[in-house]
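> Those protein sequence lines, which keep their order, are chains H and G. According to my numbering, the first sequence holds residues 3 to 225 in order. According to my numbering, the second sequence holds residues 3 to 225 in order.
If you're looking for bench data, these hints aren't it; they were derived computationally from the structure. There could be a bad hint or two in this list.
The list cannot tell twin chains apart, which means a pair is met if one copy fits it or any two copies do.
[As the list claims (entries may be wrong)] Think about it this way: if two alpha-carbon atoms lie no more than 25 Å apart in a straight line, the pair counts; the simulated DMTMM-like pairs of lysine to aspartate or glutamate are:
hint	residue 1	residue 2
1	K55	D148
2	K12	D77
3	K55	D178
4	K137	E94
5	K12	E94
6	K12	D178
7	K12	D58
8	K137	D207
9	K12	D112
Number of protein chains: 2
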Amino acid sequence: MTKRVPVVEKIMSANDRIASQNRAILDNASIYSMNLMASPGGGKTSLIELTIKSLDNRLRLAVIDGDVATSIDADRAASAGAVAVQINTGGECHLDAVMLQNALRQVELDKIDLLIVENVGNLICPASFKLGTHKNVLIASIPEGDDKPYKYPGMYRNVDALIINKIDLLPYVPFDMDYFRCGVEVLNPGLITFPLSCSSQEGLDPWISWVLQQTQSNVLPNA
Amino acid sequence: MTKRVPVVEKIMSANDRIASQNRAILDNASIYSMNLMASPGGGKTSLIELTIKSLDNRLRLAVIDGDVATSIDADRAASAGAVAVQINTGGECHLDAVMLQNALRQVELDKIDLLIVENVGNLICPASFKLGTHKNVLIASIPEGDDKPYKYPGMYRNVDALIINKIDLLPYVPFDMDYFRCGVEVLNPGLITFPLSCSSQEGLDPWISWVLQQTQSNVLPNA
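Starting from the given sequences, assemble the full structure and let the hints guide the process.
In structure tokens, the structure reads:
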């Protein structure tokens, strides 16, 4: 008789339990938090840099950066003015709740209003691992092409906001915005989207306003 | 006492065993094969389409496409003139040797000279799973940024050729080619590279010549 060991289910339920602890840690410290996901090179770090600069100290920001290797991203966030912690996952293709909990121990939580977690560049695996953050935010990137919602439905289905980055490249690459938006709408009806360019900074203001509004409406009731 | 079950090691060695079988199947049929990897939207399908058209029936081609969902890529390869099989991985973030072996059963192997396997769009997980193909080929994409070798070393270390795609976008995005090439050289000294654009078709000829030369030097001795 073959004995089946439900390893994957146990890993996921353990992860979900730690994710709930993370949420409690963040809520107790009145920290609003976002899990930022994208393909490699979608613009996560550029958006974080710009967000830090545009917020201009209106919020006290921490960034926790997940990468397979290097501290390039955390260094960029720190240079832009945030408290920054780098997680190197080794070969792992996503962050999980335990990694985030360990990183949270390195942050003085009572000095932070907003935490942005920059997940590993990947449109598949991060969607399966809850971190305990308040919002999941995805960056789509124009040069990736307009078929990504159709090909990575798990990711597009499970996010709370969608940034459409690199719109400055629209004149140079084939990208049917209607086809793209149709794919998004089927998977995630009414999803709030922010078309913008980290390069030209076009479209940045609505994103910054949303971040401020989300964070302040979370933080104020407990303040 | 806790009993440790080396699940991951067993999965990998089982995968390697099936990958060896795949290689034998391909060699017996005198088929040369490539495992094509990239980020989502790096240009795998576009390159395959162009390769099929540029080879212009000089090789009999099959394409096996791996995606989380949809048959968009296999449909494109079939339209371009190749025998095409789609693998939908469900949630899986990579192809493995078993998936490839199952897909190979759907191809009339004695009618094929070159097999291109289009892996799932991901710079991490596919690097860990041998398929049994003769060459691993990676596509880097200019708008992804110049730091990708540093951040995804496992992928860059284990490939036999590197395509640098979307060079037509170099005027519009920040990309330091020297910094990029330095990262590649450290991880994979002497790696053959093909800078090209699937959009403008600049730089395509050296890639097509290489594919022809590689395939014919493999196929001819057994022909």
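> It remains to establish, for every hint, whether it holds in the given structure.
Quick rundown of the hints versus the structure:
Taking the shortest alpha-carbon separations for K55 and D148, only the inter-copy value of 23 Å comes in at or below 25 Å, while the best intra-copy value is 30 Å. In the homo-oligomer, the alpha carbons of K12 and D77 never lie at most 25 Å apart, since the shortest distance is 35 Å inside one protomer and 38 Å across protomers. Within a single copy, K55 and D178 get their C-alpha atoms only as close as 31 Å, which misses the 25 Å cut-off; across copies the closest is 24 Å, which meets it. Proximity of K137 to E94 under the C-alpha cut-off of 25 Å is found in both arrangements, the shortest distances being 22 Å within a copy and 24 Å between copies.
Proximity of K12 and E94 under a CA criterion of 25 Å is satisfied in both settings, with 18 Å inside one chain copy and 18 Å between copies. Taking identical chains as interchangeable, the C-alpha atoms of K12 and D178 are never at most 25 Å apart, the minima being 41 Å within one chain and 44 Å between chains. For a Cα distance limit of 25 Å, the shortest separation of K12 from D58 qualifies neither inside one copy, at 43 Å, nor across copies, at 51 Å. For a Cα distance limit of 25 Å, the shortest separation of K137 from D207 inside one copy, 19 Å, qualifies, whereas the shortest one across copies, 46 Å, does not.
For the homomeric pair K12 and D112, neither the shortest alpha-carbon distance inside one copy (33 Å) nor that between copies (45 Å) is at most 25 Å.
The structure fails to meet hints 2, 6, 7 and 9 from the earlier list, while all remaining hints are met.
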